[in-house]
Amino acid sequence: MTQLAKLRFPTPPSRPGESVDFSHLLISDVGQLPVPKLDLSAEDSAPYAHGLIRVLDDNGKASGPWADYLKATGSVKMLRNGLRDMLKMRAIDQRLHIAQRQGKTSFYMQCTGEEAIGCGFARMLKKGDMNFPTYRQQSLLVGADYPLELLIGQVYSNSMDPLKGRQLPIMHSSREYGYFSVSGNLGTQYVQAVGWAMAAALMKDDGIAAGWIGDGATASNDFHGALLTASVYRPPVVLNVVNNQWAISSCTGFAGGSRKTTYAERALGYGIPAIRVDGNDYLAVLAASKWAIERTRKGLGPVLIEWLTYRVAAHSSSDDPSSYRSKDEAAAWPLGDPVERLKEHLISIDAWSDERHVQAEAQVLDEVRVVQKEVETHGTFVDPQPMSPVDILRDVYAEMPEHLLRQRKELES
Amino acid sequence: MTQLAKLRFPTPPSRPGESVDFSHLLISDVGQLPVPKLDLSAEDSAPYAHGLIRVLDDNGKASGPWADYLKATGSVKMLRNGLRDMLKMRAIDQRLHIAQRQGKTSFYMQCTGEEAIGCGFARMLKKGDMNFPTYRQQSLLVGADYPLELLIGQVYSNSMDPLKGRQLPIMHSSREYGYFSVSGNLGTQYVQAVGWAMAAALMKDDGIAAGWIGDGATASNDFHGALLTASVYRPPVVLNVVNNQWAISSCTGFAGGSRKTTYAERALGYGIPAIRVDGNDYLAVLAASKWAIERTRKGLGPVLIEWLTYRVAAHSSSDDPSSYRSKDEAAAWPLGDPVERLKEHLISIDAWSDERHVQAEAQVLDEVRVVQKEVETHGTFVDPQPMSPVDILRDVYAEMPEHLLRQRKELES
Amino acid sequence: MPSMTMIEAIRSAMDIMLERDKKTVIFGEDVGYFGGVFRCTAGLQEKYGQERVFDTPINESAIVGMAIGMAAHGMRPCVEMQFADYMFPAFDQISQEAARLRHRSNGDFTCPMVVRMPTGGGIFGGQTHSQSPEALFTHVAGLKVVQPSNPFDAKGLLISAMEDPDPVIFLEPKRLYNGPFGGDHSGKAIGWKHHPMGEAPAGYYKIPLGKANISRHGEDVTILAYGTMVHVAEAAVLASGIDAEIIDLRTLLPLDLKTIIASVVKTGRCVVLHEATRTSGFGAELIAEVQEACFYHLEAPVVRVTGWDAPYPHAQEWDYFPGPDRVQRALEQILEA
Amino acid sequence: MPSMTMIEAIRSAMDIMLERDKKTVIFGEDVGYFGGVFRCTAGLQEKYGQERVFDTPINESAIVGMAIGMAAHGMRPCVEMQFADYMFPAFDQISQEAARLRHRSNGDFTCPMVVRMPTGGGIFGGQTHSQSPEALFTHVAGLKVVQPSNPFDAKGLLISAMEDPDPVIFLEPKRLYNGPFGGDHSGKAIGWKHHPMGEAPAGYYKIPLGKANISRHGEDVTILAYGTMVHVAEAAVLASGIDAEIIDLRTLLPLDLKTIIASVVKTGRCVVLHEATRTSGFGAELIAEVQEACFYHLEAPVVRVTGWDAPYPHAQEWDYFPGPDRVQRALEQILEA
Ligand SMILES: Cc1ncc(C[n+]2csc(CCOP(=O)(O)OP(=O)(O)O)c2C)c(N)n1
Ligand SMILES: Cc1ncc(C[n+]2csc(CCOP(=O)(O)OP(=O)(O)O)c2C)c(N)n1
Ligand SMILES: [Mg+2]
Ligand SMILES: [Mg+2]
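Protein chains in written order, with our numbering: chain A, 1485 to 1897; chain B, 1485 to 1897; chain C, 24 to 360; chain D, 24 to 360.
What the hints contain is simulated information worked out from the structure, not anything from laboratory work. Treat the hints with care, as some may be off.
Computed, partial: chain C to chain A, Cβ under 10 Å [as the list claims (entries may be wrong)]:
| hint | residue |
| --- | --- |
| 1 | Pro80 |
| 2 | Pro112 |
| 3 | His217 |
| 4 | His218 |
| 5 | Tyr227 |
Everything numeric in this text was worked out from a predicted model, so none of it was measured. Even for Gly, the Cβ is constructed at its ideal location relative to N, Cα and C.
Bound-form chain A, shown alone (with noise of 0.2 Å):
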C-alpha cells in the first residue's frame, strides 16, 4: 500500500500545564561570529543569519568582537542610559497597562522583554532616518526621546493626544521623531518602508529607513513585496524581523519558524544579507544596530535582523495567554531578561549597583507617574473631555469636499 501524504501542524514549546520546551532554538555561543565587513554578501551573511550574535553571556560578561566593535565607539554611559531607557519602558508599559485595567485607556500592548531592542536600535539613529514600526515598537519612541506626554496623551486618546483620538491606543506617529503612523494592519508598512528609502535614496538625503515586522505577520503577503523590492532597488532599508515567538495564540511554527530555519535565513533567498541577534542583549543590540545602521546609510544596500527575544507579557489588554501556553514559558526562556541581563553587566564592570539600581527604578516610575498624572488632567477615557465631532471629518482630505461639508452640516445639526 502507497504512504499516504499527511499534513503537520506546528506545535509552540507549551501549552497550559505542560513543561516547556525550548530545546529546538538555535543559540550560538558568545563570540563565535566575527564582526563582518560592511559590505557583507548574503552569501557570506549564511552564518549571521543561521547563528546568533550575543555579546553578554549567561553570566552578564561581555566578550568577542561584537563587544571590542562596540566599545570603540560606546562607552559606560551609554549603557546607563541604555539600561534608563529600558526601565522606563518598563514603567510606562506598567502604568498603561494598569491605566487601561482601570478603564483609563480602551487598550493597551506591552513590549515587556522586548525592550532592549528599540531602545538600543533608535539610539543608533540619526534624525531625519524613519522607522515603520508595529504596535509593539513603543521602544523606539523611547530610545529617541520622544515626549512623554505625547506618548501618554496618544494612549488616553485626549486632548493631549498628538493623533486628536483617532488612532487605537499604541498606534503613535510622529515623523519628528521617525516614528512612522502605525496602522494596525499587518504587514503592510514593511514595503512603505522600502518606498521612503527609495526616496531618501533618490532625493539624496542621507536618511535611512527601518522597517519593522513581527514573527507572525512574516506571513503576511507584503513581507515578501517588502523583501523582493529590497532586493530589487537595493534602497538604504533595514528591515527588522521581531521574533518573540507567539503571534497572539499561534507559536511561531505557523509563520514557517522552526529547528531548522530562522527568518533571518529568509532574506538570502533575495539576495539580501540577514544577521540573527540577540534581542535580549542590550549590547548586542547596540552593536548590531551600528553595524546595520552604517552599512545602510553607506549605501550598500539592505539588510534583515532577526532580533530573538520574547513576548513576556499577554499579546494585548484583551488577550490571556494562560489559555494557550504555560505560564512558565517566559521563565524558561533561554535568554533571559533584557533589563535583568543589561544590570548584572554593568554591576560586573563596577558600572551600576542594586541600590542605583533600586533607586533608578524608583526615579523612572515617578517620572513616568507625575508624566501620567498631568496628562490625566487632560481627560481619559472613563472621564473624557469633549472633542469637536466634527474633527472626525478633518483631515479625511486637506481640504473638507462638498459632501462632507454636507455630512458636517448633519453631524452639527
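Since the structure of chain A is provided, determine the placement of chains B, C and D with the ligands on it from the hints.
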C-alpha cells in the same frame, strides 16, 4: 563626504541591437548532481537549488546519474512519444498563432522553447492529480492527451469551446485532464494548489497538486503565501517555477533573479527543498518530474522545481519583443532548443532519423490542421456562430437568483 | 429552546456541520487551539481534531486561497478573517477567484466556501477593527453576502451558508456577539438571554439565504437595516413612537426585493441604515432599487443614515456610529416630508 | 492646438510633471524601458532616466506600498496598474493605507500619489482585462476618483491629480485610448484626430478635480455618464433624436452634485450609465443622491443601464457591454414614463 545610497536597476541580457550576454547564468555540467534520496531536506538540497540538473549535454548525449535514474523506468518509446508531443505542441502554437493573425481568434500565447517542461511533467502525473497552470502551460494539456478539438475550440471561443467563450483564449480548464481553470491573475493560483493538495491529504486520496508560476510572477504576493503554507502544513504539492527569463518586457532581474540567487533557492528559507532543472532537456524534465512527483506522492512534503528555460516567442499575440530585446537572444540561449536537443539525442542512439523527423513534423501538423479545420466549421472570431446572450448570466451561481432573472428579462427584451 | 449568545450560535452551526459533513474544515488565525479571538470556534479543535479545525499563518490571501483549492477539490471550508478590516489582502482571492470559478470553468470547478468575519464598530476598535465592507462584496457577481442580527438567524443562516454551493461572505456584527445593541453605550449590558431571538434550537435548522425578515410590522415608514442597525432601528422606533416597519435584510446578496417592495408600497416612505461610510455604501443600492420599484408610491425621498465618510475614529466612536438619535431624526423628517 | 490620442495626452501630462517637479517619479510593470503595455509612458525613461521612470516587479501591492512610502517622504509618485483588474492585490494598500494616512496621523504624514489604471471593456480582454472597479474606490473615504472621457480632459485632469495633495485613482477607459467609441464595434475605427476633444494644448493646463462637464445640453432627460459611456450616450442620443443633457462626470469622488442637480431639476428625468456590474455599482450612489436632491422634480424613476451582474465574458463582449441600443431603449422608456 559620506557616500550616498543609490538605487540599482536590473538590466537584461540584451537590448535591441546590443549583443547578448547570458554569462550570468549558472549552468553546471551534466552529471554533476547525483539523484538524491526522496526525503531530501531543504538544507541538503542547496546544491540542487543552486546547480542545474541536466541529462543531455550539448551534443545530445545522455549521461550521469539522472540518465540512469530515468532509464530504470523510461524507454526509448517514451522519448519518441515525448518528441511527438513537443512537435505537436509546436504545431498547435504555430497554427493558432497564425489563426490569431488571420483574425480567427482575438488572442494567443505561444510557449515556444518551453515545450519540454509541460509535455514531460504531465507524463509523470496520474489521473486525479491536478495542475494549477498559468496561461503558458498548454504543454501540460498535450502531455495529458487532451482532446485537440477542445483545446482549439477554447481558443476559437466557438460552440466547441468547453468554456462557452467566457474565457480569454488559452485560459483552458479541465478537471478530467488535471488542468485547473486558468484565471489570468498572476500568482493567485499558486496558493490554491497548496489548498488542493491539503484537501487531497485530508480526504486521504493519493492525488497531488502541481502549482505553476512564471519567473516574473514569483514577485507576486501569493508566491509567498504558497511557499509559506506549503512549508507549514507540508501537503503533497510540487511548486513549479518556469524561469523563462522574461515577464513581458521586463527581464527576470525585476523578479529578483540574478547571478547570485536562483528562484529555487528562495524555497530554502522556507525549509522547502528545491531543485533547478534544465527545462530545455526533455530527459532532465522526465527524470526530475519523476523524482519530485514520487517524493510528493509518498507524503514527503512539498518540493519546488525551478525550470530554467527561455521564452522564444513574443509574450503574447499583442506583444512585439523586438522593441525591448535583441532578436538574437533566442539563438544565444545557452540551453538550446528542446525539440532539437531531443531529436539529436534520439538520432545519436539510432532511435530516430532526420527523415523520420521531417515525416513526424508533417504528420502532427496535418493532425492539428485537420482538427483545426473541423473546429473552424463551428465558428471563429471573424465568423462567429451565435451564442445565446443569456449564457452570460448562467453559472454565476448554481441557481440564477432573482436579480439575475430580472436582468435576463432585460437582456432578452 | 436553549438560549445562546451569537458566538454560541455561530459555534453551534459549525459544530453541527463538522459533525454532519466530514468534508467540512474550519481554519483561520487563532481559530484552532485557542478558539478564535472572539471564541467562535472554542472547543472545536479539541472535539474534531487538528485536521478539521486548525490555525493558520497570518495571511488572509493564503487562507482564502487555500480554501478555494480545497473547495474546488470537493471539501467545504469555512474560514475566518479575524476582523473584516483584515479581509482586504484576501479581496483579490475572494472577488477575482472564488466568485468566478464556476462561471469561468463553465461549472467544471466550483467554490462552496464560507468566509466569516466580524464586522462593524461599537467596541472602540478604531479604524482597523470597526469597518463594514459589505458594499464591496455586494458589487461582486458570484458571491452571496449574509449578515445576521441575532443568534437564531446567525445559526440558521450559517448552516445554510455552509451548505450553499457558492461562496458566501458571512458578516458577523461583533457588537452583537454578546447581546443586542440599540446604541445605548452607557455601559448597561443586556445579554441575549433576555431577547427572544437569543433562543435557538440546539440541533440542525436552516434560515434560507435570500429571505429578509420583517422584525417589526408598521404602517408609516419602512426601515431597511441589517446587523447591529436592526437594533438601533428598534430603539429609535421605541423612542419615537413612530409606527415603522423594520426589515432585517439578513441576506444582502441576493436581496429579498419582494419583501422590501411590498413594505415600501404600503408605507410610502423608506429610511435606509448602515454603519459603513455613506458614499457607495450598500444603502445606495437599496435606494436605487427602491426608488425604481416604488417610485409612484413614494411620498418622500428615501434617506440614509450611515457612518460618516471618514475612517472610524477610536475615541469619537459614538459621534461616528449612526445611533438611535440620528435614526429618530431621520424618521421624523421623512414623516414630515 | 495639437491633436492627441488619449495615450499621448496622458503621456504629455506625465512628461510635463516630470519636467516641472523633480519629486515626480513614475513606475509600474513594463512602464520603464518599454513604455507600458498601452505605451502611455513610452519615451519617458529615455528622457528622464531610470531614477525617474522605472520598471517594477509584478507586485501591485508593493508598487502602491512603495509609492506610499515615497509620497509620505515628500515625493510625488504616479504609478500604473497594468490593468484595473490587477489592482485588487493593491486594494489593501490603497484603501487601508494611502487613503487613511493623513487622517490617522492628523496630517503629520500625507500621501500625494496617483494610481493610474486602464479600465473597462471593449478590447475582448475577457474577465481579467475588462473590469470597471470605480465603485469600490468611491466607497473609500480619503481617495479621489477620476475618469476622463477624452484626451483634453485626460491631460488636464491628470495634471491636477499629480498636483493634488491627496491620493487620486485615475481610471483610463482603455477603449478610448486611440479614439472615441460610442459602441459601434463593426471595426470602423475613428481616431481622436477627428474629434474636437482630441485637441489639447501642448503645455501645462489643468482641469479641476470635482467638476463635471456638460458634454451635451438638452432639456428632456439627464444622462449621467463617465469614460466610454459618455460616447455611448452621445451615440444613443444621436440615434434616438432625444434631447438629452449628457453630463460627463469626470470626477466621481468628490462628485459635482451641483451640476447634476441643476440638470435633473431642469429635465425631471435621469438615466445613469456605467459599464461595471450593476449591483452596488457607482450608479447606485448617483441614484441615491439624485432621488434625494431632486425627488420633487422627478417625473419617473431614475434608471440605470449597466454591465450585467456577471464576469465580463470574452466572446460575448458585445452582449455584455451596455451599448447605445440599450441606452436608447432606456431613454425612450423613461420619456414614456
Ligand atoms: C492583516 C492583519 N491580519 C490580522 C491582524 C490581527 N492581529 C493583530 S496582531 C496579530 C499577531 C501578530 O503577531 P506578530 O507579528 O508576531 O507580532 P507580535 O504581536 O508578536 O509583536 C494579529 C493576527 C492584523 N492586525 N492585520
Ligand atoms: C496580478 C497581475 N498583474 C499583472 C498582470 C499582467 N501580466 C500578464 S503576464 C505578465 C508577465 C508574467 O511573466 P512571467 O510570470 O514570467 O510569465 P511568462 O509570461 O514569462 O510565462 C504580466 C505582468 C497579470 N496578469 N496579473
Ligand atoms: Mg510575535
Ligand atoms: Mg517569464
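Verification of the supplied hints:
A cut of 10 Å between beta carbons decides the hint on Pro80/C: the least distance to chain A is about 3 Å, and the hint holds. Hint status for Pro112/C relative to chain A: holds, with the closest Cβ pair at about 6 Å, below 10 Å. Because the smallest distance between the Cβ of His217/C and any Cβ of chain A comes to about 25 Å, over 10 Å, the interface hint for this residue is violated. Checking His218/C against chain A by beta carbon gives a least distance of about 25 Å; that is not within 10 Å, so the hint is violated.
For Tyr227/C, the suggested interface contact is broken, since its CB lies about 28 Å from the closest CB of chain A, more than 10 Å.
The structure shown violates the earlier hints numbered 3, 4, 5.
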